[in-house]
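Enquirer: The lines below spell out each chain.
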Amino acid sequence: MWQFFIVLAACVCGLQAIQSKKLSHSALWLAVTSGLVSLLIYLLGAPQIAVIELSVGAGVVTILLVFAINIVGDEQEEKKPLVPKAIAILVVFGIMILIGSTLIPVKELSVSISETVTQNLSEMMWQDRFLDTLLQIILIFTCVLGTLSLMEDRNKSKEGENNEF
Amino acid sequence: MSFSFLDMIILAVLCLFGIGIYALLTMRNLIRIIVALQLLVKSVILFVILAGNITGQMALAQSMAATVIVADTIVAVLGMALAVQIKRKTHSLDTKDIAGLRR
Chain Z
370 MWQFFIVLAA CVCGLQAIQS KKLSHSALWL AVTSGLVSLL IYLLGAPQIA VIELSVGAGV
430 VTILLVFAIN IVGDEQEEKK PLVPKAIAIL VVFGIMILIG STLIPVKELS VSISETVTQN
490 LSEMMWQDRF LDTLLQIILI FTCVLGTLSL MEDRNKSKEG ENNEF
Chain B
34 MSFSFLDMII LAVLCLFGIG IYALLTMRNL IRIIVALQLL VKSVILFVIL AGNITGQMAL
94 AQSMAATVIV ADTIVAVLGM ALAVQIKRKT HSLDTKDIAG LRR
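Chains as they are written, first to last, in our numbering: chain Z, 370 to 534; chain B, 34 to 136.
Just chain Z, with the same shape it has in the complex (with noise of 0.2 Å):
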């Protein structure tokens, strides 16, 4: 029973993450969310996914989250949203029960423990899907290149240039 408390905590958390005023406040919400998660993860059996999305959710995510908000600044004003809230409701609780009548019965799919595949997630990662891992690893890289040349501040770059003539 102690687990519904976590579900319920994630659930607040990811709730508050998106209704809080500070856009830095959001950024620690959803840090807390990805923490409970991550316990989640770690009581469902994956506790190598669990310390991957810890890391990377509550840590790297948020930090990166954190430095782009001190650039663009933390005000936000209260606009009409994009979608009416009245509609926007409607169509998430029609998308809920759609998923959750596709979810629920696969339930019914449980497998004894005899029927298990018995793998190694590296062996997994590292024979089975090798091309996937080496994909993995060139988009990080691409994406590093990327974010830098995103990052840089062209106007100061040109300023530098400007002074060095």
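Honestly, the hints are just simulated from the structure, not real lab data.
Accuracy of the hints is not assured; some may be wrong.
Here are the simulated DSSO-like pairs of lysine-lysine, each with C-alpha atoms no more than 30 Å apart in a straight line [what the hints assert, rightly or not]:
hint : chain 1 : residue 1 : chain 2 : residue 2
1    : Z       : K454      : B       : K120
2    : Z       : K454      : B       : K129
3    : Z       : K448      : B       : K122
4    : Z       : K454      : Z       : K391
5    : B       : K129      : Z       : K391
6    : Z       : K449      : B       : K122
Given the coordinates of chain Z, work out where chain B should sit on it, guided by the hints.
Expert: Below, chain B alone, put in the same frame as chain Z:
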């Protein structure tokens, strides 16, 4: 009526997904949209692990979840970099103002 742990995980997946979709539909701030995407992806990761747990293929589910985490982080980081550049150019983070970049 008692809820099992798997029921609770399905509840968490649905709630986080719903919150993410709601935020995507109603928010106009670029940083908030990134936060909403993060929430959506967290629910998806949770569901992938749940599927692995149910079908007994945890290694496959974990490797899939690792791929999703990498892709999600790349999207978030590039989104933040774009948001910073858009703020510098338009002095706003409103998605409606981005339409002006076409001119």
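Enquirer: Give a verdict on every hint.
Expert: How the hints compare with the structure:
no.	hint	in the structure
1	K454/Z <-> K120/B	holds, 26 Å
2	K454/Z <-> K129/B	holds, 17 Å
3	K448/Z <-> K122/B	holds, 20 Å
4	K454/Z <-> K391/Z	holds, 20 Å
5	K129/B <-> K391/Z	holds, 20 Å
6	K449/Z <-> K122/B	holds, 23 Å
The structure is consistent with each of the numbered hints, conforming to all of them.
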